[in-house]
Amino acid sequence: MLKPYLNRLNASLSVCAWLLYSSPIVAAQKCETGIADKAYQEVLYYYFQHDFYQALTQFEILQQACPDSLSSISQPGVDPYLLKGGISLAYGLDDQAADIFSRLLTTAAPLETQTQSWFLLGKSLFEKQQYQASANILNKITIDNADEYLHTLDKDQWLYMQSQLFNWQITQSITAARDNSYWLDELSEDSVYRQYVIYNQGLHQLQSNQYAEGVQTLEQVGLADKSFLDSFLGGWWSPLTVVDQTETDALRDRANLTIGYAHLKNQQALEALDAFNRVRLGSLDSDSALLGYGWAAAQREEYQIALSAWQRLQQQPRSNEYVMESYLASAYAFEQAFAPTQALENLQRGLQRFASEKQMLRANQQEINDQYFIQLANTADWSEQIPAHLSSIMLSSEFRNQMSWLEESLGLQSRFDRWQQQLNTFSLMLDEREKEAQSRQQTLKQSDLLSKLQQYQGLREQLHTRLINAEDEPRILSDEQELEWQSRLERAKQRHKEISEAWLRLNKKPLKPRYVARLKRLEGIMLWNASESYSTRRWQAQKMLNEVDELIAQTAQQQNQLIAQLNKTPEYPAQRQRIAELQQTLELQQQQTHRIQTQQLASLNALFKEQIQQQIDQLENYELQAQLAIVRLNDKAFRKAEADRQGAKQ
Amino acid sequence: MKLRTFILTIVLCATAWHSNAQQAGGDEQQTVAKQLQQLRKEVIALNRDLFVLEEDLLFPSSTQVVVYLSVDVGTYFKLDAVELKIDDKVVTEYLYTDRQVDALYRGGVQRLHIGNLAQGEHQISAFFIGLGPEGREYKRATSFNFNKDSDAKALELTINDATGSQQPEFNVVEL
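Chains as they are written, first to last, in our numbering: chain A, 1 to 650; chain B, 651 to 825.
Hints may contain errors.
Now the in silico label distances, taken between C-beta atoms and shown as ranges [what the hints assert, rightly or not]: (1) 704(B) x 190(A): 45 to 55 angstroms; (2) 190(A) x 816(B): 30 to 40 angstroms; (3) 391(A) x 816(B): 52 to 62 angstroms; (4) 68(A) x 704(B): 20 to 30 angstroms; (5) 739(B) x 591(A): 43 to 53 angstroms; (6) 773(B) x 556(A): 18 to 28 angstroms; (7) 789(B) x 424(A): 41 to 51 angstroms; (8) 411(A) x 701(B): 16 to 26 angstroms; (9) 752(B) x 598(A): 40 to 50 angstroms; (10) 789(B) x 143(A): 46 to 56 angstroms; (11) 457(A) x 816(B): 36 to 46 angstroms.
Pairs of lysine to aspartate or glutamate residues, derived as DMTMM-like cross-links and limited to a Cα-Cα distance of at most 20 angstroms, are as follows [said to hold, decoys possible]: (12) 691(B) x 408(A); (13) 493(A) x 482(A); (14) 684(B) x 94(A); (15) 684(B) x 501(A); (16) 435(A) x 706(B); (17) 38(A) x 692(B); (18) 691(B) x 94(A); (19) 803(B) x 706(B); (20) 803(B) x 37(A); (21) 691(B) x 247(A); (22) 803(B) x 787(B); (23) 520(A) x 550(A); (24) 691(B) x 99(A); (25) 435(A) x 587(A); (26) 38(A) x 806(B); (27) 735(B) x 824(B); (28) 691(B) x 417(A); (29) 798(B) x 550(A); (30) 735(B) x 806(B); (31) 38(A) x 705(B); (32) 691(B) x 581(A); (33) 520(A) x 484(A); (34) 452(A) x 547(A); (35) 38(A) x 722(B); (36) 789(B) x 819(B); (37) 691(B) x 501(A); (38) 38(A) x 801(B); (39) 691(B) x 95(A); (40) 728(B) x 748(B).
If you're looking for bench data, these hints aren't it; they were derived computationally from the structure. Virtual Cβ for every residue (Gly too), placed ideally from N, Cα, C.
Could you put the whole structure together from the sequences, leaning on the hints where they help?
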C-alpha cells in the first residue's frame with residue numbers, strides 16, 4: 001500500500017536532486033592506471049587517424065587531470081612522452097617537441113626511446129634548416145640502433161637526412177666526401193629516398209664540374225624504367241602505389257631535365273635531345289624541357305624541330321619564363337633559317353604577348369587586396385582557381401607557405417567564433433539552470449515534500465503494530481473477501497440481536513437457538529480459515545514490510561543527499577567565473593589571431609607585389625630584347641637592301 | 651677616381667640594404683611562424699579547458715555515463731557500424747570509416763557515447779554490424795545490466811577474437 005507512494009517520492013527526490021544541482025561539479029579526478037590507460041588509448045585513437053589536434057587535446061586533458069599519469073601508462077608500444085613529442089612535431093609545435101625530446105634524453109630513458117628521440121629531434125632541426133645542429137644530433141644514432149629501434153620508413157628517412165647532411169658538410173668543408181653507395185646499401189630496396197639520394201649526388205657532382213660522373217649518376221634515376229606491372233596496370237590496384245609512382249615520375253622528369261641541360265651546356269646536343277625527350281609532356285618540368293629541347297635542336301641546326309617545340313610553348317596559357325623566352329628563341333631560329341620576316345612577325349607577336357601579360361599583371365597589382373587573399377584562402381583547392389598568368393607567382397613555395405599560414409589563422413578565427421558562441425550558450429544554460437533550481441527549491445518548500453517521509457514512516461509503524469497484533473488476532477491479516485464476509489457476519493449478528501430484542505418486546509417466543517448456532521459456526525469457520533492462512537499471510541506481510549523498509553531507507557538516503565545539496569553553497573558563481581575566464585582568454589587569442597592575420601596579409605601583399613614587379617621587370621627585359629632584335633633585323637635588312645642596291649648600281 | 655669610389659659606395663650600400671631587407675623579410679616570416687606556433691599551443695590549451703568545462707556542465711559526474719569501444723585483433727570481424735541503446739532507447743548510431751577502424755585495430759579506444767543517467771539500475775545493449783568470418787554479413791548484439799551510483803560510470807564494449815570458435819566475441823565490461 002505504501003510502496004507506490006514511496007516509489008513516487010523516491011523518483012521526485014532524485015529528479016529534484018539532479019535538477020537542483022546538476023550544475024558543474026568538478027569530479028574528483030580518478031588517476032588510477034586503468035582510467036589513465038583508457039584516456040591514453042583515446043589519444044591513440046586520434047593519433048592513428050592523424051588527427052593530431054584532438055590527440056594533443058586529449059593528452060593535455062589527461063595530463064591536467066593526472067599530472068604524472070604518463071609515466072604510469074601500462075600500454076605496450078612507444079613511450080607516451082615520445083609519442084607526445086612526435087605528435088607535437090607533426091602538429092607544428094616544434095619547440096614543444098624539442099623540449100620533450102631534450103627532456104627525454106636527459107633522463108635515463110631506454111635505448112629505444114633515446115634513439116627515437118634523437119631521430120625526431122634531428123628531423124625537427126633538419127626541417128628548420130639548422131643543419132649543423134641536426135647533423136650533431138642524428139650522428140648520435142648508430143646504424144645498429146637504427147636497424148633495431150627505428151621503423152623502416154624512419155630509418156630510410158634518417159639515412160636520407162644523413163646523406164644530405166654529408167653533402168652539406170662537404171660543401172661547407174666540414175667533412176671529407178663519402179661515397180653515396182654507403183647510404184644506398186643501407187636504404188631499403190623500395191625506398192623513395194633512394195632516388196633522392198642519387199639525384200642529389202648527381203646534382204652535387206654537376207655543381208662541382210664533374211660533368212660525366214654527374215650525368216652517369218643522374219641517369220640511374222632518369223633511365224629507371226617503370227616495372228612491367230606498373231606500366232601494364234597503371235597502379236590501379238592501389239592508390240598508395242599511384243601516389244608513390246607520381247613522386248618517382250616527377251623525380252625522373254627532374255633528373256632528365258637536369259641531364260638535358262648538362263649536355264646542352266657541354267655542347268652534347270644529341271644526348272640533350274634524348275634526355276629532354278624523356279621528360280613527360282604535362283609534367284611540372286615540361287615547359288622547361290620544351291625550351292631546352294628547342295635549344296638542343298638549334299644547336300644541331302635543326303631549326304624546324306626547334307621551332308615546332310617553341311611554337312608549342314607559345315600556345316601555353318601559362319605565363320612563365322620558358323613560355324616568354326620561346327618568342328625570342330623562335331625569332332632566333334627563324335633568323336638562323338634565313339626567314340627574317342617570320343622572325344620579325346614572331347617578335348611582334350612576342351611584344352604583344354609581353355604587353356598583354358604586363359597589362360594583366362599591373363591590373364592585378366592594383367586590384368588584388370586583402371579581401372582577395374582571404375577569399376582565396378577560404379576556397380577549397382584554391383591553387384586550381386588561380387588565373388593562368390599568375391600561376392608562377394602563386395604556385396611558388398613561398399607564396400603557398402604564406403597562404404597555408406593564412407588558411408590556418410582563418411580556420412582558427414572561425415573556431416574562436418564558434419567557441420565564443422558555445423560559451424555564450426553555456427552562460428545562458430547556467431542562468432536557466434539557476435532559475436529552474438530556484439523554482440524547484442520553492443516548490444519543495446511549498447509542497448512540503450521533505451516532511452512526507454515522516455508521515456509514511458508513521459504509517460509504516462502502524463502497519464508494524466498491526467502485524468504484531470495479528471499474532472493474537474489472525475483475522476487482522478484477512479483478505480478483502482474475508483473482511484467482507486466478516487462485516488456481513490457482524491451485520492447478521494447485529495440484525496439477529498435487534499430481531500431478538502424486538503421479538504421479546506412483542507412478548508413473542510424467543511427465536512430458535514439454531515440461528516445463534518449458525519452464526520457461531522460461521523464465525524468459527526472464518527476464524528479457522530484465518531488461522532489456517534495466518535503463517536502464509538504473515539510471511540507475505542513481513543516481506544512487504546521489509547520492502548517498504550528498504551524503500552524508506554533509500555528514500556531517506558535520497559532525501560539526505562537532497563538536504564546536503566540544499567545546504568551546499570551553489571556552484572554557479574564558480575562556473576560563471578570559469579566561463580568568464582575562458583571568454584577573456586578567447587578574446588585575447590582572437591586579438592592575437594587578428595594581429596597575426598594583419599601581419600600575414602601585409603606580408604602576402606608585399607610578396608605578391610614584389611613578385612609581380614619582378615615578373616613585370618622580366619617582361620620589360622624581354623620587351624627590350626625583342627625590340628633590340630627588331631632593330632637589329634631591320635638594320636640587317638636595310639644593310640642587305642643597301643648592299644643589293646649598291647650591287648645593282650655597279 | 652672619385653666617381654669610381656662613389657659608384658662602388660653606392661653598390662656596396664645597395665648590396666647591404668638588399669641583404670638587410672632580405673634578413674628583415676626572413677625575420678618577419680620567422681616571427682609569424684613562431685607566433686602561429688605559440689597560438690597553436692594556446693588553442694590546444696583552450697580546447698582542453700572548453701572540453702573539460704563542457705563535460706562538467708553537461709555531464710556532471712553524479713549522472714555521467716561513458717561508453718568506450720575497443721577492438722582486440724579483429725581478424726574475425728570487420729566493424730562497419732554500432733548501435734547503442736540504454737534502457738531501450740537508442741543513444742548512438744555510429745558508422746565507421748576505414749581509418750577509424752584501423753585506429754581501433756591498432757590499439758586506439760573510441761569514446762562512443764557520453765550521457766546522463768539517473769542513479770539506479772539500467773540496461774545497455776549494443777548491436778554490432780560488419781563483416782564476420784569469410785566476409786559474411788554479421789550482426790550481433792550484447793547487453794549488460796549495471797547500477798549507476800553517485801560516481802561517474804564507465805563501460806567498455808569490447809570486440810575480441812575467440813580463436814577456439816574462430817568467431818568474434820562481443821562483451822560489455824564495467825571499468
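Taking the hints in turn, this is what the structure says about them:
| no. | hint | verdict |
| --- | --- | --- |
| 1 | 704(B) x 190(A): 45 to 55 angstroms | 46 angstroms, holds |
| 2 | 190(A) x 816(B): 30 to 40 angstroms | 34 angstroms, holds |
| 3 | 391(A) x 816(B): 52 to 62 angstroms | 58 angstroms, holds |
| 4 | 68(A) x 704(B): 20 to 30 angstroms | 25 angstroms, holds |
| 5 | 739(B) x 591(A): 43 to 53 angstroms | 45 angstroms, holds |
| 6 | 773(B) x 556(A): 18 to 28 angstroms | 27 angstroms, holds |
| 7 | 789(B) x 424(A): 41 to 51 angstroms | 43 angstroms, holds |
| 8 | 411(A) x 701(B): 16 to 26 angstroms | 18 angstroms, holds |
| 9 | 752(B) x 598(A): 40 to 50 angstroms | 41 angstroms, holds |
| 10 | 789(B) x 143(A): 46 to 56 angstroms | 51 angstroms, holds |
| 11 | 457(A) x 816(B): 36 to 46 angstroms | 60 angstroms, violated |
| 12 | 691(B) x 408(A) | 13 angstroms, holds |
| 13 | 493(A) x 482(A) | 16 angstroms, holds |
| 14 | 684(B) x 94(A) | 9 angstroms, holds |
| 15 | 684(B) x 501(A) | 114 angstroms, violated |
| 16 | 435(A) x 706(B) | 19 angstroms, holds |
| 17 | 38(A) x 692(B) | 25 angstroms, violated |
| 18 | 691(B) x 94(A) | 10 angstroms, holds |
| 19 | 803(B) x 706(B) | 14 angstroms, holds |
| 20 | 803(B) x 37(A) | 16 angstroms, holds |
| 21 | 691(B) x 247(A) | 33 angstroms, violated |
| 22 | 803(B) x 787(B) | 33 angstroms, violated |
| 23 | 520(A) x 550(A) | 42 angstroms, violated |
| 24 | 691(B) x 99(A) | 13 angstroms, holds |
| 25 | 435(A) x 587(A) | 28 angstroms, violated |
| 26 | 38(A) x 806(B) | 10 angstroms, holds |
| 27 | 735(B) x 824(B) | 16 angstroms, holds |
| 28 | 691(B) x 417(A) | 18 angstroms, holds |
| 29 | 798(B) x 550(A) | 18 angstroms, holds |
| 30 | 735(B) x 806(B) | 14 angstroms, holds |
| 31 | 38(A) x 705(B) | 17 angstroms, holds |
| 32 | 691(B) x 581(A) | 18 angstroms, holds |
| 33 | 520(A) x 484(A) | 17 angstroms, holds |
| 34 | 452(A) x 547(A) | 18 angstroms, holds |
| 35 | 38(A) x 722(B) | 14 angstroms, holds |
| 36 | 789(B) x 819(B) | 12 angstroms, holds |
| 37 | 691(B) x 501(A) | 104 angstroms, violated |
| 38 | 38(A) x 801(B) | 17 angstroms, holds |
| 39 | 691(B) x 95(A) | 10 angstroms, holds |
| 40 | 728(B) x 748(B) | 10 angstroms, holds |
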